[in-house]
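Take a look at the letters that make up each chain.
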Amino acid sequence: MGDGVTAVTADVAAPPARIRTPAEVRRARYIGFSYLVMAALALWFGTLSVGNGDARLGLARPTDPSFPDLVFNASALAFVVAVLLAVAGGVQLSRGFGRWQNAVLGVAIVLVVFAFLGWATAQSGIGSFSFIGMLNEMVVRSVPITVGALAGVLCERVAVINIAIEGQLLGGAFVAVLVASLLSSPDDALFLGAPIGGWIGVGAAMLAGALLAWFLAVLAVRYRVDQIIVGVVINIFVLGLTSFLTVRVLAANAHLNQGPIFKPLSVPLLSDIPVIGPVVFQHNFFVFAMFGLVILLTFGLFRTRWGLRSRAVGEHPKAADTLGVDVYRMRYLNVLLGGLVAGLGGAFFTLGSVGRFDENMTNGRGFIALAAMIFGRWHPVGALSAGLVFGFAEALRQKLGILQTPIPSEFLAMAPFLATILVVAGLVGRARPPAADGQPYVKE
Amino acid sequence: MSDQSDDRAEPPIPPGGPPEVEEPPPPGVGRRLFEELTGVGVDWRTALLVPALAIFSALVVGGIIIFVTDIDLWRDFSGDTVSNTLGEVRDAFTALFTGSFGSLRALSETLTSTAPLILAGLSVAIGFQAGLFNIGTEGQILIGGMAAAYVGFALDLPIVLHLPVVILAAIIGGGIWGGIPGFLRARTGAHEVITTIMLNSIAIFLVDYLLTNSLFQVEGRQDPISQTVDTSARFPRLLGFLDRSDLRVHLGIFVALLFAYAVYWLLYKSTIGFEFRAVGANPHAARYAGMSVTFLYVAVMAIAGALGGLAGSMQINGVLYRATPGFSANIGFDAISLALLGRSHPAGVAVAGLLFGALRAGGQEMQVASNVAIDLIFVIQALVVVFIAAPALIRAIYRVKTGEGAGQLTKGWAT
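Protein chains in written order, with my numbering: chain A, 274 to 717; chain B, 549 to 963.
Isolated chain A, as found in the complex:
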């Protein structure tokens, strides 16, 4: 993902200096100003927290072995953060951080979030809240977003735009609970936290996702229908059909809408690590599946023949074709794989969380997944990071309700979408899709 800037050697004595394009200079300036804005925000949190005392962020759940809480003075931390950010802004505007630019930006955002949490906790009167609970919530909520984004990555790496992630998630959620309810009863033996019927439900959800993906592939690859239109149509179709079936079938037959909920599993040893253990290694199957898929796809896309061919088809299908890669076959294959992955993400909504289906229960998560895919720059690890960031925003939104902060939670809910617009507009960083994305291929 280089940005195409050539390194130019200046003097013999001086190290090679990169000449920055006007767009990069502008971006660096935007980032510099955003540091100053963040510094002002931290300063504001600081002045608001004066006299409110300490904030206590819990790092262990009541069931975990005891671990000290994170205690700090809310206003002091905010003032320190404000100073640090002001300095960072000055450096960014004058000299720049060079290759550390994004890392510094990440740290800065984390600092502002802490300043904010400190103020929110201190002002609530309770003075403490379970930080670990929120991190746990973040990981859980990131599952459908990340898995949906991975499905998008699989499709778009072979240049098929998949707007239908939302529909695939919703379809998967419905089929999973229907099949699992039919094939399981409460006293079945559990296998890795779920009865066999639950596992069959997950498989059925993946097949449902693949069926919708097959539909997308046939229309987009074979009939060369506009991919965005097919995606929109699949979304409308699945929303209509699942809502229709919920009213017609599930409402009158409650036993068909009572799926088993997958029980949490603990990884031996690793789950005993304080803080990280409960956050990463004590979850149900879907969370581990998410981490596994990220590793698998990163390896697959960048270290295997399949991955190289996929990326070639997405960047330059004609060249790939000339070298003997079957473009159509790769596109069918990857879109179907994407469908399997999205179906798995869909099953999370029912079997991985509440155990029952409700109309439109994905509620736009597929679009957040699309945003996460773009935000993560079409890379599996990027998708996971974006998924965690968006999951954090969702978890924070829920906790703010408990802390009763005067900040309306709707603005926090908008944040992922706003961030995505900023990224695609190139104001902060630049997201570059595969070169042939969305273009049908006509074999000569």
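The reader is advised that the hints may include incorrect statements.
With the C-beta cut set under 7 Å, the calculated list includes, among others, these residues of chain B facing chain A [stated by the list, open to error]: (1) Val609; (2) Tyr757; (3) Tyr836; (4) Ala938; (5) Ala940.
Derived by calculation from the structure, the hints in this document are not laboratory data. Here a beta-carbon is modelled for each residue, glycine too, at the ideal position from N, C-alpha and C.
Fit chain B to the given chain A structure using the hints.
Then chain B, alone, in the frame of chain A:
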């Protein structure tokens, strides 16, 4: 661009400005009128055949879905249950028809739903004509509707002034919300499909926020419902003289038709409309011919947004009289199907709008009269679009000749 029934095919534009459009040999009067109204060239029988067969096929599939989802049939498959289920399918379709055209009330309901659908469909269609995919109509409806609602209850004006001001507010609100993605596309290359999807979600949360804010909320209430708009800010009911509260059809349907004509005029009779279509056919050629692509993208999206915003005011000031969460009722997503069915032509959009309005009104009746949820009509609409977009399917099923499909309407987001 080889599509014979696609009206976006423009003659290549040589440098030095748009040339005179070459006149085809004079056809018969009937065909000329048809072409004039729809922009469809040459084989107009196939042009009508595909939509008709698409709608028919979608309804058949809808019937099959009702049939196979009857749970009684699955428990006990016998002659009785089959005939029961067939009866249910028949009842559902009867209700779908009587609920849309079967009575004065049904007709009134159909036209009430048609008005915002036409405007929203125009919003998507004008984008398609200029090569832009406006998925953001839903958000534009929400923002335009909120602007119209606010002006509707906050200002105190006589009716001759109040309603025009409401319409203007909806146009400005929606226009700004639509103009943002246009600006971003023109200046930064950010693809409008991504930005409009994101702006839809932002609009939903913005409405949630505003409805619990003292600016909009009824004083002393907790639920997210706005204040009621003044009587002077409502679209007058057309059948008000009959003094029946169930005849909700309002002036909006004429406003919608007026705007359909205005969009037709703009696209096919004005210079700027020619430029819209030129930039849709080939932005590079348009730029080479001296047109400002930046201006055109912003203008197209702002107009599209304005039309969406107006659709929002139809919901607020014509039907609900106050803003509630989800007042857009998915109209913005139906609009995409609608624009495709109407082949992105204002006349086609108006006819398709009537069809979708009838489905919505009939769907309500169907839900009440039989055990079939209104969501079925969204399935039917999605199927219609599948058949329209991929006429190869129609060709295969009915063994008829058809033109090519919608083809590639937008460019992928790799710019």
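Of all the hints numbered above, which does this structure not satisfy? Sort the numbers upward. 1, 3
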